[in-house]
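**Student:** Sequence:
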Amino acid sequence: MMTPALSSRLAHLTLQSVQHCRNLAVFPLTGQSLSEPPHVLLADALGQGFLTVEEISKGGSVPELAVVNDSDHFVLLLDGEEVAGAKQNRVLNTT
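For the sequence shown, the working numbering assigns the number 8 to the initial residue and increments by one for each residue that follows.
Read the hints as simulated data drawn from the structure, not as lab findings.
Virtual Cβ for every residue (Gly too), placed ideally from N, Cα, C.
Treat the hints with care, since some could be wrong.
Cβ-Cβ distance ranges computed for the label pairs, FRET-style [as the list claims (entries may be wrong)]:
id, residue 1, residue 2, range
1, L99, S42, 38 to 48 Å
2, S40, P70, 26 to 36 Å
3, H27, S64, 34 to 44 Å
4, I63, L83, 43 to 53 Å
5, I63, V25, 43 to 53 Å
6, T102, G67, 36 to 46 Å
7, L13, D77, 30 to 40 Å
8, H46, G92, 20 to 30 Å
9, R16, L83, 16 to 26 Å
DMTMM-like cross-link-like pairs, simulated, lysine to aspartate or glutamate; straight-line CA separation at most 20 Å [said to hold, decoys possible]:
id, residue 1, residue 2
10, K94, E43
11, K94, D79
12, K65, D86
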């Protein structure tokens, strides 16, 4: 049985052309977002100036950084993103 919420969401989707790769077939579904995501991405937060990334101490620690969020927004830091600055650039290894 389809719930009203699921039915409403499916009504806003469009089925695109099937994509084939060997024995795999994917049917893309596209549509407009019905709401803003509950988070801001790292680059946007840094660009808007409400997120700072610092060393955890004067001596620093290669696998650790301190992140200060001066906003009411949740900030999503994604695995593989590069954080430039501080004593050296780092690549995040977890989301």
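**Student:** Take the hints in turn and mark each one as holding or not.
**Tutor:** Evaluation of the provided hints:
1. L99 / S42: 38 to 48 Å: violated (26 Å)
2. S40 / P70: 26 to 36 Å: Holds, since S40 and P70 (Cβ atoms, about 35 Å apart) stay within the stated range.
3. H27 / S64: 34 to 44 Å: violated (53 Å)
4. I63 / L83: 43 to 53 Å: violated (21 Å)
5. I63 / V25: 43 to 53 Å: holds (49 Å)
6. T102 / G67: 36 to 46 Å: Cβ of T102 to Cβ of G67: about 23 Å, so the range 36 to 46 Å is violated.
7. L13 / D77: 30 to 40 Å: Given about 38 Å between the Cβ atoms, the range holds.
8. H46 / G92: 20 to 30 Å: Holds: the Cβ-Cβ distance is about 22 Å, inside 20 to 30 Å.
9. R16 / L83: 16 to 26 Å: Since R16 and L83 have Cβ atoms about 22 Å apart, the given range 16 to 26 Å holds.
10. K94 / E43: Distance ~35 Å between K94 and E43 Cα, so the pair is violated.
11. K94 / D79: violated (28 Å)
12. K65 / D86: Distance of about 25 Å is beyond 20 Å: violated.
When each numbered hint is compared with the structure, violations occur for hints 1, 3, 4, 6, 10, 11 and 12.
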